[in-house]
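Peer 1: Sequence:
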Amino acid sequence: MRYRVPWACAVRMVLLSLALFVGAAAVLMSAGCSDEPATTTTAAAPPTVTTTTPVGDAPRLTQLLAEEGTPLEVAQALNTQKPLVILVYVPGGTDDELVKASLGTLAPRYKDVSFVSYNFDDPESLGDLTTQLGSHYPPFAAFVDSHGIVQYFITGYADEAVFNQYVVNIRQL
0 MRYRVPWACA VRMVLLSLAL FVGAAAVLMS AGCSDEPATT TTAAAPPTVT TTTPVGDAPR
60 LTQLLAEEGT PLEVAQALNT QKPLVILVYV PGGTDDELVK ASLGTLAPRY KDVSFVSYNF
120 DDPESLGDLT TQLGSHYPPF AAFVDSHGIV QYFITGYADE AVFNQYVVNI RQL
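Heads up, the sequence shown is in numbering that gives the first Met the number 0, so the first residue is 0 and it goes up one at a time.
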């Protein structure tokens, strides 16, 4: 009888250890630690990613044209060969409002550059800009030189210093 109690305890310990091991393996497998590729379904919007494309690295060279569907302010800047900054934003968006405020601070400093902004939710005011610029994900800003060439195109947030440098650069081209 003396050996029976310790033996029963040993069996229980082995079974308990095995159960814990299997449970831990199940938790790890469900947490994505398996060899199978993980699939995730999300309903939220993707995070804002800032993308800057200087002309030298651009996959395409974009020249804005003053066409029938081009907003009047943009067409005037293009026709007078004035550098131009175009902002397309969604009112109330966090990044959108920060970008709009930064460009609004810069506009009075550069009288020789046209600064225009358009509400993405008002497609009539946008005219053909989203088509010409090839973007439908606001906020985005295009920095256009006096020849109508988009020198910089940025989506998402960037700080005022970056925008300031882009404006300085398009004024010199």
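Just so you know, the hints here were simulated from the structure itself, not pulled from any lab data.
Some clues are possibly wrong.
As the list claims (entries may be wrong) - Simulated DEER-style distance windows between Cβ atoms:
| # | residue 1 | residue 2 | range |
| --- | --- | --- | --- |
| 1 | Ala-65 | Ala-160 | 13 to 21 Å |
| 2 | Ala-160 | Thr-130 | 25 to 33 Å |
| 3 | Glu-66 | Asp-158 | 29 to 37 Å |
| 4 | Leu-71 | Thr-93 | 13 to 21 Å |
| 5 | Gln-62 | His-135 | 28 to 36 Å |
| 6 | Gly-91 | Ile-148 | 27 to 35 Å |
| 7 | Pro-122 | Gln-171 | 27 to 35 Å |
In this text the structure is predicted, and so the values were computed from the model without any measurement.
Beta carbons are placed, not taken as given, at the ideal position from N, Cα and C, and that holds for glycine.
Peer 1: Please test the hint of 28 to 36 Å on the beta carbon pair from Gln-62 and His-135.
Peer 2: Once the Cβ atoms are compared, 19 Å apart, the range 28 to 36 Å for His-135 and Gln-62 is violated.
Peer 1: Is 25 to 33 Å respected by the C-beta to C-beta distance linking Ala-160 and Thr-130?
Peer 2: Between Ala-160 and Thr-130, where Cβ atoms are some 31 Å apart, the hint holds.
Peer 1: Are Pro-122 and Gln-171 spaced within 27 to 35 Å by their CB atoms?
Peer 2: holds, 34 Å
Peer 1: Between Leu-71 and Thr-93, does the beta-carbon spacing fit 13 to 21 Å?
Peer 2: violated, 30 Å
Peer 1: Cβ-Cβ distance between Glu-66 and Asp-158: within 29 to 37 Å?
Peer 2: holds, 33 Å
Peer 1: Does the Cβ pair Ala-65, Ala-160 satisfy 13 to 21 Å?
Peer 2: Violated, at about 31 Å.
Peer 1: Is 27 to 35 Å right for how far apart the beta carbons of Gly-91 and Ile-148 are?
Peer 2: holds, 32 Å
Checked against the numbered hints listed earlier, the structure breaks hints 1, 4 and 5; every other hint is satisfied.
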